[in-house]
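Heads up: the protein sequence lines correspond to chains A and B, in order.
Going by my numbering, the residue at position 52 of the first sequence is 52; the numbering climbs one at a time, nothing skipped.
Going by my numbering, the residue at position 69 of the second sequence is 69; the numbering climbs one at a time, nothing skipped.
Warning: the hint list may mix true and false statements.
[As the list claims (entries may be wrong)] To give an idea of the interface, some chain B residues facing chain A are shown, with a C-beta separation under 7 Å as derived from the structure:
id: 1; residue: Ser97
id: 2; residue: Val99
id: 3; residue: Leu157
id: 4; residue: Phe228
id: 5; residue: Pro267
What the hints contain is simulated information worked out from the structure, not anything from laboratory work.
Each residue gets a CB set at the ideal place from its N, CA and C atoms; glycine is no exception.
So the chains spell out like this:
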Amino acid sequence: MKTIKKLSWKNILVILVGLFVLVYPFAGANSYMKHLFILFFVWAVVAASWNLLNGYAGINSLGNIGFMAIGGYASGILAKSLGISPWISIPIGGIITCLLVTLFLGFPALRLSGIYIALLSLIFADSLPSILTQTRDITGGAMGLHEIPGFIPNMEKIHAYYICFVFFLIAMYVIYRTIHSNTGLAFMALRDSENFATTLGVNRFRERLKVFAISSFLTGLAGGFYVHSLGDISPTTLGIEPFLLGIAMFELGGIGTFTGPILGAAVIVFGNEFLRLAGTLRLSLLGLLICLIILFFPGGIMQLVSQIETFISKQLKKRQSVGKANPT
Amino acid sequence: MDSFLNAIVSGLISGSLYAATALGLTIIYGVSRVFNFGHGIVAVMGAYLAWMILSGGGQLNMLLGILVSLVVLYVFGTLVYRFTISPLMKKPAWDISTVLFLLGGGILLENVLLQVFGPRVKSIPVLLEGNLRLGPVSIQFNDLFLIIIVLAGIVLLNVFFKYTRMGQAMQSTAQSIPGAKVVGVDIERIFGITFGLAFAVTGFSGVLLSTKYFLNPHIGWEWMVKGFVIVSFGGLGSTNGAIFAGLILGIVEAMVTLYIGAMWVWPIWFVIFMVVLLIRPQGILGGRA
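Okay, chain B solo, but in the shape it has when bound (with noise of 0.2 Å):
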């Protein structure tokens, strides 16, 4: 009972980091219908980009690193829309063309890291120590404080979302182009911040994820997959749809680890998958099918 427990905590904690993920991939679908299979590789070049500050500063703290990779993945993201998705958009056949244009891209940047910072595994301190029992189960401080993060980052992305001109103007985006390009938004721009806004997003999910497991430049490839299989599961381009989908499998994962063996996660993954595209194609909460 005391190992089904911490299994269940430890599924939720590990299950807020992967909705962490997911969301830049979902915002980026939701907006542009554009499916980021760069995805990992922005998320581990933010955890590096913390790292590199974190190591190389001594005397910078952590807040900075984080800061500076938020700001550097937005420019960067800005970037990648304006000189390569956009002409590629332009043009027919733009959906398969972006997903293998934003792959090869991803493994350019995973071996130019690899090359840059070397196979060695990098780990980031975790932000708090200590740790919380209650009764049976032990929890570290640092992961309460991550599902605090997280929790904290999809509620500001809502209100983002919900409330500000900026965010309502992406809604409108993603509900139809048309629609918005009637109202007056500029559907240039707004893609273009959806991407910077997103490849943010992914960049903190990757600090998230290195302070609790460890960081290589192969690591991507691993959260960029889950991250798929949860953005399908919560429906794409739903915000929301993700985070459930993230706790759900988060804690499926935790469970196939402890009872059947953790080389058995990732064919569970997959038919778990297949399963829901076989019956709700559109996702928990009804995304685009």
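Just chain A, with the same shape it has in the complex (with noise of 0.2 Å):
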């Protein structure tokens, strides 16, 4: 109970941007702001999973763009191929992902450590295109999939915010619960001192596999939604564009925080069509925030909001103290 008290402000930020975002559609959102806000919760998805994996699991994954066109990729061909609901497809895509991603990622991770699985799950993520356009008549080649069939017919934008809405609430209550489990606890007990966390008993094998699973899994349902609300993928999802949106966004919102890259997911979606304007510098203006975000403020935003919170809570103790001093 004291918790909640102690953050209470935090909470009612929470609900009030929750509402915001809940009856913003009637309140006058035009087509492209539901579109960014469908982009946001997709993203926000794929940046806290990967935050799961880098920032509570400590597993250098650079590889998560692969899951999510995975995910996208199995979903969008399922629907659109063979004619199969999305609300089967997208499970089946996750699925598909999952499966993938522990059997190339998870088991040879199992072995290796640090630097290794940076550079096995970027090769992982980087030989994706090729393959793309090898398959071409399955896949689309380097023209990619188009016209992948909505929620429901004649789905409007309207509808895919509300789903994508609901998938995002419900991914993240996911990473929430995993984090305040026993399983996250074993996640950053390994993260932190694997000799010590291996000692009290926690089983290194298992705790990595279910961290590989549940982050590609979400993963590659935030590609099932993602390819469904928009309508199309193709190579270019691998590009190095998303990649770099993807670790701005952790990095930006902090990472190793739960708040964290959801914030990081929203600046970076909406900033980023602003950046629009700059035109060709777009990417070598993401790059160089990467850069002086990890020289000069590793915790990112999360860690300037604690500062302010505990720059308040010291001027306060200061007043009282200034009041009790001085009565009268």
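Dock chain to chain to rebuild the complex, using the hints, since each chain is given by itself in its own frame.
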């Protein structure tokens, strides 16, 4: 109870923002803003599950955009070519992603540490585009898949908006519960001190597979929701820009925090639209942003928030003590 | 059979170039345990510097271009270490933060180069004209020359690491940082020099690669990922391992291109990479696992 009271202003803010997002489509959101919000919902899930791997479990994965593409392609192909309903094809896409990732990254990662996982996952995601162009009959090659069916027949932006919003909420709930469960504790223990954690009886293999499975399943689902709301996907999804955007999101928000990636996704998704003014300089600006955050603000926005919080509480205490020292 | 032999030769040529690219990565990792994810752009910068001197000066020759790019990149490397990597390495979780920093910085530089030089493909003229015929196999003099340069460079580096004080100091740092400190090695200085040296070597390999292939701001990414596979195949931190791995993978690549198709090169590199990591994570010659 105490913690809830302590953080009450944050809870109020979250509820207000949530209400705003809930009624926004009826309060004058144009199609463009709805589109941005859909992107935000999907990207927030991608960034949060990436953060689950990198921030909480300390596994330096760089391939999460690949997970998203696998989920998106799997679901898109199933729905478009085989005519399966998106409501079934998205979970199947998530399961396919989960299986492929645990097989190709999770199992090798059991024996590897640090930099090797980063290399393996980067090359995993990097070899996907050439596979896609090789299997043109199924995946559409370099052109990608187009006119992927929506969630419901004659879907409009507003439907996709609410469907993705619900998905976002559920995924965040799952991530929150994971972090605050024994499994989440085990991830963090392994991250902070692997030897100590294994001595205490944490099963390193099982926990690592679990975190890969959860992260890739959620990212695969996000990929599915992405393609069915936007209607197309192509190998450019695996390009350098989405990759940078994803990293910028959890780094900017604050790596290893629950709220961080969501805030980061919000700033990056909406900020990236302003950056379109910068034209071809956009990627350099994103690269610069990542460099500056890591050099000067490793905790991201969440660090800033907690610094402001401590500053305010210090000021309040000072005032109180001053008030007590000088009565009347 | 003829095409097979030719494929072997071209595999050896590209393999030795790949080995040259991988050297810079493995030197930095071996000494400082920082993995340079901005490796590709360093190679591209070296090549662009040489290209600028070549095309701008007219009378100025190739040698000067290479020399300038070596010196500039050496200075750049020490500066990058001194002002960014060194402070980052003093913080917790430095391994992932340096990776992401170098990645972001690499993309920043890549796009700056794109702004400055444009997306058009540049090429550096070959160093030597003409070709050599040995029965069914024909080799260009330039390719032969490239192999010789790479081999000479590797011998020089080995001599440097084994017989000079600075090289020995680097090796002792690679083996144990506390141990090196005990015998009076200035770790900060060694790391700085290592970065400078590795950047210079990488830039040089970029010049060599762009005489053989072509040059644009994005090509560094491909060189870098190939370098990643090679260094892990050969063993992170092992220079000789990188050379063997480069040659083996060069031949594999040529064979795949000949018999299966060029599009399968990447997936097959990935499979090789995974198999190596699963069976022998320390690489063929045993670096650090």
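So, going through the hints one by one against the coordinates:
| no. | hint | verdict |
| --- | --- | --- |
| 1 | Ser97 | 5 Å, holds |
| 2 | Val99 | 6 Å, holds |
| 3 | Leu157 | 22 Å, violated |
| 4 | Phe228 | 5 Å, holds |
| 5 | Pro267 | 5 Å, holds |
Hint 3 alone, counting from the list given before, is not met by this structure.
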